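Novice: Required output: the full structure, derived from the provided sequences and hints.
Each chain, letter by letter, is given below.
Protein chains: 2
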Amino acid sequence: MQRVLIIGGGAAGMSAASWIRRLSPDMKVTVLESTQMVSHAPCGVPYFLEGLFDDPNLFMTYEPSFFIEKRGIDLRINTRVKELNIKDRHVTVEIKDKVESIDYDYLILATGSVPITVKNDGTERVYFVHHPAHASELRKALWSLNKIAVIGGGILGIETAEALSVKGKKVVLIHRGKYPLNRMVDEDISSFFLPKMISEIDLRLGEAVLEVRDKGRLVITDKGEYKVDGTVIAIGVRPNSDLVKGQLKLGVYDSIVTNEKMETSEKGVFAAGDVAQSFNLITKQSDWVPYAPVANKMGFVAAFNVSGIEKKFPGVVGTMITKYRETLVGKVGLTSAEATRYNFKIKEALVKHKTRARYYPGSKDIWVKLIANEKDSRILGVEIVGQEEVLGRLDVLAEAIMKGATVEDLFFMENAYLPAVARVWDPLVLAARKIYAGD
Amino acid sequence: MQRVLIIGGGAAGMSAASWIRRLSPDMKVTVLESTQMVSHAPCGVPYFLEGLFDDPNLFMTYEPSFFIEKRGIDLRINTRVKELNIKDRHVTVEIKDKVESIDYDYLILATGSVPITVKNDGTERVYFVHHPAHASELRKALWSLNKIAVIGGGILGIETAEALSVKGKKVVLIHRGKYPLNRMVDEDISSFFLPKMISEIDLRLGEAVLEVRDKGRLVITDKGEYKVDGTVIAIGVRPNSDLVKGQLKLGVYDSIVTNEKMETSEKGVFAAGDVAQSFNLITKQSDWVPYAPVANKMGFVAAFNVSGIEKKFPGVVGTMITKYRETLVGKVGLTSAEATRYNFKIKEALVKHKTRARYYPGSKDIWVKLIANEKDSRILGVEIVGQEEVLGRLDVLAEAIMKGATVEDLFFMENAYLPAVARVWDPLVLAARKIYAGD
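The listed protein sequences correspond, in order, to chains V and F.
For the first sequence, the working numbering assigns the number 1 to the initial residue and increments by one for each residue that follows.
For the second sequence, the working numbering assigns the number 1 to the initial residue and increments by one for each residue that follows.
Keep in mind the hints are simulated off the structure, nothing from the lab.
Hints may be right or wrong, so weigh each one.
A pair counts as met if it fits within one copy or between any two copies, since identical chains are not told apart.
To be verified - The list that follows gives simulated cross-link-like pairs (lysine-lysine, BS3-like), each with its CA atoms no further than 27 Å apart:
1) Lys170 with Lys196
2) Lys352 with Lys70
3) Lys434 with Lys28
4) Lys347 with Lys261
5) Lys354 with Lys364
6) Lys261 with Lys375
Note that the coordinates shown come from a computational prediction; the quantities given were computed from them, not determined experimentally.
Specialist: Printed below as a string of structure tokens:
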């Protein structure tokens, strides 16, 4: 019987495990997960902090018993990998105080990502919003504080700041960039969500944190000091690839390099999810996209290839979405700033529009910025800010960009139109028209 | 100076007129509109009947004075065409009691559509929900009645029945089809909106109206008779092409045949909007799609070609959307029934899913039915029923089908994911996966 070992029980790992069991009932599938949670969703942690739900089991799509009993997976929770020897196809694990050895025929690395930190003097009141397994203790700790510094104005920082602000905390958000979400959207787009944030959060922009001292109660930046009751560090994550350093080829941010089949530089060894590198379909360069939809699909692809059925992961276009209060902010592909950095000569259009017919109650503002390649009018990216129907419109571009669509293709999209949820001229179509026809 | 004559001041006509003025400031553009309204939106009439707004000027994107003063268009409202002689490039119009002759160099026919009727004995209490110009008198009449028969269970019939039911009227909806919207979605999908309709409207399905008698107060069907206070006939529309019969080549339902430039069988004569035939990109056959987004884009294309800049209208995929109360129902492309009728061998998947993460409050049901070509996995159609983010997901498929996407392309779409508005596995991606991977 062939033995598949999967390290990491998150989205990619459990997706892969379930598919292998289904495709290859004869294979033995072992999953090693260092926490007590599997198929978990870190993206839910801010909503838990906000108090929108209380049962931490809801972080899991399925509980461990489901995978063990219903899917026949040899799932071992609370099991940490001590040593991995890829050449010998061998791993040493630690369960509580016991050490055990496991051999395997196929290996899937799905170890996810870990938070990046800043210099600090201890973990007592220094917090990370990352793994759902620690969400309950994190919430208990943060809810007991009054004034909290959040370091980082990216997706996680914004969502954490929002959650704590809604819970009545005084939040100081310290961000190195010129405006929040600056690695996600262009500055012009930021003006459509920034005023609301400024009115509710003490935003410190263009300010770099040098050190957190006094056990999380003093944040020292290049512009000043902040006395707070505790500090959340949310400046981003990096691939959790330490285990394989020196054993496998690493790429962008030390993510694991794979081919389209998710196979690493070592035959029979696959990587999927946040720990794996991906290929950007727009820039045609290596990229790293640590989000759950990509992770799940990478796990799916790895499972098929382990099972001997060739499937290829086509690559990424870089889809992101977050929200602040009722306003959703998302992007697909490249921002103008990114496109310029990648040496594209671009054409762009910014459209402000409404989400419903002018006579239909409840219409909301929506902004669409579309970026296209000057040479061939191929769409390079879109940024959208609005309160309704943002998600689907982003997905339109995710699919369009993947299929190499031009602004002409988007203009002629036969968009759905119902006065209660749209205008005849959809903002996507208007943005495409601006580039296609000059207005 | 070259003279462009446009007959019809709806979406297609005014879109064409505005673009020609912009592209060819030297051309004289005359628009003849038989009512007092231009750039009007018939799709808003049901919401006006429901009482969601009261100002009939809101039906117009811009009022006539805007087009005349700001855009320099020779717009003539309340002007009916008496006779059109295409060979001689000549039209005779009637304004109040005056008759006038107009010659032109280019002609754009944008005469829209007209309601289909059933046998009836007079117009006194027999109503049509069609032109916004008559919406005020229609509303006054219908609001004064108590029990109203609505004939037709398509989009317009459903929207009218909903509006009148919300206004407290007793509505009998008589529909020849087996279930409402049967020309839009498959029967399995109808079960997700039908129960709500049945609980609020007296639905008579599979029943054909033979005649409306007693000045709209008696509806006689093949199964019985209904005594009501008045009758709304909403069984559909047909191209308003009577004016050109015998002069231009007509196609599907007597819509005007054009090439990709929207030029008819007569050089210099264009057609756009509901009166024009279109080409279906899936069936590769002629089709007829009488909806505003298509009309606007056809008008745009006609304008460019009249101005000597070649643009081509690529064709349609058949996008439709409507709602009943809070439930949106939409489709793009072919239903299974249609696909089978066009001799496609199909694979299909039906997914019931939720719109938000399991831990996020306010999640709604959503159903997606995906239809693909068995041979090459090309997507042929999608049907979606749900309460949020239906529009954008339809648009994903409108663009995907237009670009010839397969279920594999849809599965690997890098969909946006935020727990507040989506699940990691988007219902579109799940439906694609069911066909692509068997589950």
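Novice: Looking back at the numbered hints, which does the structure fail to meet, lowest number first?
Specialist: none
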